[in-house]
Structures are given as C-alpha cells and as structure tokens.
Amino acid sequence: MGIDTKDKKRNGDEDKTGNYSGSTYTVVCNEPTTGAEDGGRTAMERCLTKNPAINVVYTINEPAAVGAQKALKAAGVQNVLVVSVDGGCDGVKQVKDGLINATSQQYPLKMAELGVKAIKQIATGGEKPKVTGGLDFFDTGVTLVTDKPAAGVESIDSTEGASRCWGKS
Amino acid sequence: MTAATAAEQFALRRRSPVQRVQHVLHSYPSISPFLVLLVSFAVFSLINPRFAQPNSLSLVLQQVAVIGALAVGQTLVILTAGIDLSVGAITILAMMLSAKVAEGQGLPGFLAVLLGVAVGVAAGTLNGALVTRIGLPPFIVTLGTLSVFTAVGLLYSRGQSVQSVDMPALLNWTGETFSIGRFRITAGVVLVAVLYVVVGFALANTAWGRHVYAVGDDKEAARLAGIRVDRVLLSVYVIAGAIYGLTAWILIGRAGAASPNAITDANLESITAVVIGGTSLFGGRGAVLGTLLGALIVGFFRSGLSLAGVDDQYRVLAVGLLVLLAVAVDQWIRRVRA
Chain A
1 MGIDTKDKKR NGDEDKTGNY SGSTYTVVCN EPTTGAEDGG RTAMERCLTK
51 NPAINVVYTI NEPAAVGAQK ALKAAGVQNV LVVSVDGGCD GVKQVKDGLI
101 NATSQQYPLK MAELGVKAIK QIATGGEKPK VTGGLDFFDT GVTLVTDKPA
151 AGVESIDSTE GASRCWGKS
Chain B
1 MTAATAAEQF ALRRRSPVQR VQHVLHSYPS ISPFLVLLVS FAVFSLINPR
51 FAQPNSLSLV LQQVAVIGAL AVGQTLVILT AGIDLSVGAI TILAMMLSAK
101 VAEGQGLPGF LAVLLGVAVG VAAGTLNGAL VTRIGLPPFI VTLGTLSVFT
151 AVGLLYSRGQ SVQSVDMPAL LNWTGETFSI GRFRITAGVV LVAVLYVVVG
201 FALANTAWGR HVYAVGDDKE AARLAGIRVD RVLLSVYVIA GAIYGLTAWI
251 LIGRAGAASP NAITDANLES ITAVVIGGTS LFGGRGAVLG TLLGALIVGF
301 FRSGLSLAGV DDQYRVLAVG LLVLLAVAVD QWIRRVRA
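Protein sequence lines correspond, in order, to chains A and B. Read in our numbering, the first sequence has 137 at position 137, and its numbers run on one by one without any break. Read in our numbering, the second sequence has 228 at position 228, and its numbers run on one by one without any break.
Watch out, some of these pointers could steer you wrong.
[Stated by the list, open to error] Calculated pairs, SDA-like style, for lysine to any residue (alpha carbon to alpha carbon, straight line, at most 20 Å): (1) 73(A) to 184(B); (2) 93(A) to 103(B); (3) 120(A) to 106(A); (4) 50(A) to 312(B); (5) 73(A) to 166(B); (6) 50(A) to 48(B); (7) 73(A) to 182(B); (8) 50(A) to 315(B); (9) 50(A) to 49(B); (10) 50(A) to 156(B); (11) 96(A) to 166(B); (12) 50(A) to 42(B); (13) 93(A) to 104(B); (14) 168(A) to 103(B); (15) 73(A) to 177(B); (16) 73(A) to 54(B); (17) 50(A) to 310(B); (18) 50(A) to 52(B); (19) 73(A) to 55(B); (20) 16(A) to 307(B); (21) 168(A) to 156(B); (22) 73(A) to 165(B); (23) 73(A) to 185(B); (24) 168(A) to 155(B); (25) 148(A) to 81(A); (26) 50(A) to 307(B); (27) 168(A) to 48(B); (28) 73(A) to 176(B); (29) 93(A) to 143(A).
[What the hints assert, rightly or not] Some chain A residues near chain B, calculated using beta-carbon distances under 10 Å: (30) 32; (31) 35; (32) 38; (33) 48; (34) 73; (35) 74; (36) 75; (37) 94; (38) 128.
Because the hints were derived from the structure by calculation, they are not lab data. Here the structure is a predicted model, which means the values were calculated and not measured. Here a beta-carbon is modelled for each residue, glycine too, at the ideal position from N, C-alpha and C.
Please build the complete structure, drawing on both the sequences and the hints.
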C-alpha cells in the first residue's frame with residue numbers, strides 16, 4: 001500500500017529515482033495513512049526513520065498532511081515541502097495556517113453538476129460528453145491553492161481558495 | 001516414614017523437558033511474549049541498525065501508546081472471558097465530545113478531559129448493564145454498541161474534525177515531547193505507563209483484582225465463593241470505559257486533531273495486543289504486563305518490517321500470523337496439568 005512507484009495500474013508511474021527540471025530525485029518511502037491525522041503522523045515517522053533527509057511529502061488528503069507535519073515538527077525537521085490534494089475548507093485553512101504548503105483543490109459540486117447534466121443529456125438522446133483533449137477522461141478541473149506560488153505554476157492563494165472550497169462548516 | 005499420598009506423588013512426578021517448559025509458561029504467562037519481543041528486537045536490529053536507535057524506539061513507544069492504553073481496558077474485559085468490540089467507538093465518541101464542547105462552548109481544558117472520561121464511563125456502564133442486567137453475551141452487546149457509539153459520534157461531530165489550534169492547550173498536552181537521555185517521549189506515553197502500573201497493581205494486589213480473575217476463570221465457582229459476580233463484571237466495563245475516555249485525550253495529543261476517522265482498527269488492534277500478550281480469550285489467565293509486551297511486539301513488527309522495506313500488506317499478514325501463533329500457544333499451555 002502507499003504509493004507504489006512505476007506501477008500505473010496501482011498508483012503513480014514515476015520511477016523510484018530520476019531527474020526533474022531542477023536536479024535528481026529519489027522516492028525514499030511510501031506508507032499508508034488511512035487518510036487521517038494519526039495515520040499520517042505514524043507514516044511520516046516511519047519515513048523519517050528510513051531517511052531523515054526527506055524534503056518533499058505528498059499525502060492523499062489534508063488530514064494526513066497535518067499528521068505528517070506534526071511528525072516533522074516533533075522531529076525538528078524543517079524546510080519540507082508538504083503538499084496534498086482535496087481543497088475542502090478545512091484543508092484550505094491549513095494552507096493559510098502554513099501547515100500545508102499547497103493543496104490541489106477539487107470541485108465535487110461541479111463534478112456532480114456536470115455529471116447529472118451529462119446523464120440527462122444521454123438519457124434524452126443527446127451525446128456523451130467528449131473526453132478532454134490529450135486525456136482519456138473528462139477533466140472537471142483542479143486548481144492549486146498556495147500562498148507561496150512557484151514561478152511557472154498556475155495557482156490561487158488561500159483566500160481565493162477559501163471562497164471556492166467545499167464542505168463549509 | 002509413610003508412603004507419599006497420591007497427590008504428593010503427582011506433584012513430585014518426573015516431567016519431560018517439554019512438560020517443564022509448558023509448566024513454566026503456564027505459571028508465568030508473560031515469558032513467551034517477552035521472548036518474542038527480544039527475538040524480534042534482535043532480528044529487526046540486524047536487518048536495519050536504524051531500528052535500534054533511541055530515536056526509532058522512542059517513536060515506536062509513541063506509536064503504540066494509544067492502542068497500548070486501549071488494550072489495558074480490553075485486557076480487563078477479556079480477563080472476565082468477555083470481549084469489547086466498542087473500544088474504538090467509545091474512544092472516538094469521548095474524543096469528539098470533549099473536543100467539540102471545548103471548541104464550541106469554550107469549556108476549559110481540564111473539564112474537557114473530565115468530560116471525555118465521563119463519556120467513557122457512561123458508555124462502559126451501558127455495556128456493563130447490558131451484559132449483567134439483561135444477560136446478553138459481551139460479543140453481541142459490544143457489537144451493537146460499536147455501531148450505536150460510532151453513529152452518535154459521527155452525528156454529533158457531523159463527520160468533521162476539530163483542529164488542535166481550536167482546542168484548549170491542555171487537550172494537546174499529551175502530545176508534548178520531552179527528552180530522557182537520548183529518548184524522546186510524550187506526556188501521553190508517560191500517562192500510558194502510569195495506567196499500566198496502576199491497573200497492573202490493582203489486578204495483582206487488590207481483592208477486586210483477584211475477583212476479576214475468579215469471575216473470568218469460573219463464574220459459578222466465583223459466585224459460590226461469595227463473589228458478587230455481576231458487580232465485578234459491571235465494574236470491569238465501567239473502568240474499561242474510563243480508560244477509553246482517558247485514551248481519547250492521549251489520541252488528541254498524538255494526532256494533533258480530534259478526527260472521527262482516527263484509529264480505524266482500534267478494536268482489532270487492541271484485541272491483538274491482548275492476545276499476543278498471552279492473555280487467554282477464555283478468561284481468568286493473563287496480565288497487563290503481557291498486553292504491554294503484545295502492543296510493543298506489534299509496534300516492533302510494523303516499524304521493523306517498514307524499515308526492512310516490506311510492503312504494508314505483508315506487515316498486516318505478519319501480525320495476523322502472530323495472533324494465530326499466540327492463540328495456538330495459549331491453547332497448548334492451557335492443557336498443562338497443574
């Protein structure tokens with residue numbers, strides 16, 4: 001479990017080691033988190049035990065990222081880029097609070113809306129929506145939410161993210 | 001000199017080496033988990049020397065603290081030949097209530113912690129009352145309350161987490177780290193250690209403790225000996241509930257949030273620690289020391305195999321095999337003739 005490298009059928013197709021625009025990278029660890037804070041913390045602790053020099057962490061959702069951040073803090077490891085995915089209101093607030101560096105915001109309401117529209121269209125004899133160009137699915141879109149935008153990467157800040165987030169309490 | 005009586009002859013009979021081992025294990029149920037712990041420590045340290053570093057061992061302690069604490073309550077219930085499937089649900093309910101009330105109503109930290117324990121006590125009392133007053137089997141009672149408490153916890157929290165910044169500092173205190181030599185432990189770990197000492201002492205050295213063993217060993221014999229069986233049983237569920245409520249506090253510090261999605265496998269993991277620790281599922285035999293060893297063994301396996309680069313699914317498999325082995329050994333030990 002966790003994200004296996006170089007296995008498209010399971011998760012991710014990147015090599016365990018390789019080059020990116022900046023330099024070289026090594027994926028040193030992947031661990032399951034159960035998508036919650038306590039699991040995220042335990043997973044990060046195990047990864048840090050394997051290699052204390054980790055500098056990028058990607059988690060399955062924001063609660064797991066918060067747990068990972070807690071483990072990093074307890075270990076006194078600094079300057080780690082923690083990124084995640086979901087973009088619910090809690091998660092965007094954690095970006096604002098600096099617990100998470102960036103999160104990829106999804107739009108479940110838009111997915112539902114477009115999905116229902118497509119169903120109605122097909123049911124009434126209309127056409128199936130076309131797949132998005134270059135992909136093998138229909139892309140409803142995601143936006144990167146971060147308060148420290150990187151050059152050349154499109155993103156919105158956490159205030160803008162909060163205005164678009166889902167699961168408001 | 002008269003000839004030895006049959007009983008004396010029986011006591012002095014020659015035993016085969018295997019019987020002697022069986023007898024020693026029967027008298028000291030914590031020996032086998034202790035050996036497993038030592039061997040696993042040695043093996044995992046050989047595979048990856050990082051495993052034996054104080055830092056990794058400190059982390060294992062922190063990782064097993066929550067399940068280790070829950071397993072104390074589970075041990076009490078299992079000693080009475082019962083089982084508690086509502087461990088995780090009670091903990092989550094207690095945690096969500098104390099965190100949400102502290103966040104929403106501004107309840108001071110001290111009272112929020114007490115509220116968590118009170119919720120645990122109330123839930124344990126319900127379990128205990130259903131077992132003793134209505135006479136339902138503990139498995140069925142806690143299977144039912146597992147769903148009831150899970151649902152109440154989710155309804156009350158609306159499935160949402162409470163973040164550490166929104167809670168009083170005391171609720172997060174259990175996650176505070178400090179150093180003892182090269183070891184780094186949390187206040188939560190210390191609390192769990194105290195819990196083990198207190199419950200271990202109560203089980204071994206108080207009348208109540210002896211009654212728990214007596215009831216678990218043979219209910220009818222305990223009743224005939226003048227023990228108020230129902231009262232002992234009820235007390236066990238209530239105390240277990242209080243322990244789960246206290247663990248909710250430890251969990252908040254550990255996770256850095258109160259989330260209804262935490263400790264998903266707490267029920268089975270707590271039973272696993274108890275069983276690997278040599279406490280018999282048939283009641284009346286075992287101790288919290290064994291449970292502590294059991295929880296540590298699971299922690300060692302999960303961390304050690306992770307460091308050895310073994311995929312998580314195989315770690316689950318390994319823990320499963322350990323449980324089967326532990327129960328098989330328990331069955332064998334129970335066949336010993338005094």
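Results of checking the hints against the structure:
no., hint, in the structure
1, 73(A) to 184(B), "holds (13 Å)"
2, 93(A) to 103(B), "holds (16 Å)"
3, 120(A) to 106(A), "violated (23 Å)"
4, 50(A) to 312(B), "holds (15 Å)"
5, 73(A) to 166(B), "holds (19 Å)"
6, 50(A) to 48(B), "holds (9 Å)"
7, 73(A) to 182(B), "holds (17 Å)"
8, 50(A) to 315(B), "holds (16 Å)"
9, 50(A) to 49(B), "holds (11 Å)"
10, 50(A) to 156(B), "violated (39 Å)"
11, 96(A) to 166(B), "holds (15 Å)"
12, 50(A) to 42(B), "holds (18 Å)"
13, 93(A) to 104(B), "holds (18 Å)"
14, 168(A) to 103(B), "holds (17 Å)"
15, 73(A) to 177(B), "holds (10 Å)"
16, 73(A) to 54(B), "holds (18 Å)"
17, 50(A) to 310(B), "holds (12 Å)"
18, 50(A) to 52(B), "holds (12 Å)"
19, 73(A) to 55(B), "holds (14 Å)"
20, 16(A) to 307(B), "holds (17 Å)"
21, 168(A) to 156(B), "holds (16 Å)"
22, 73(A) to 165(B), "holds (15 Å)"
23, 73(A) to 185(B), "holds (14 Å)"
24, 168(A) to 155(B), "holds (16 Å)"
25, 148(A) to 81(A), "holds (11 Å)"
26, 50(A) to 307(B), "holds (6 Å)"
27, 168(A) to 48(B), "violated (46 Å)"
28, 73(A) to 176(B), "holds (11 Å)"
29, 93(A) to 143(A), "holds (15 Å)"
30, 32, "holds (5 Å)"
31, 35, "holds (7 Å)"
32, 38, "holds (4 Å)"
33, 48, "holds (8 Å)"
34, 73, "holds (9 Å)"
35, 74, "holds (5 Å)"
36, 75, "holds (8 Å)"
37, 94, "holds (8 Å)"
38, 128, "violated (34 Å)"
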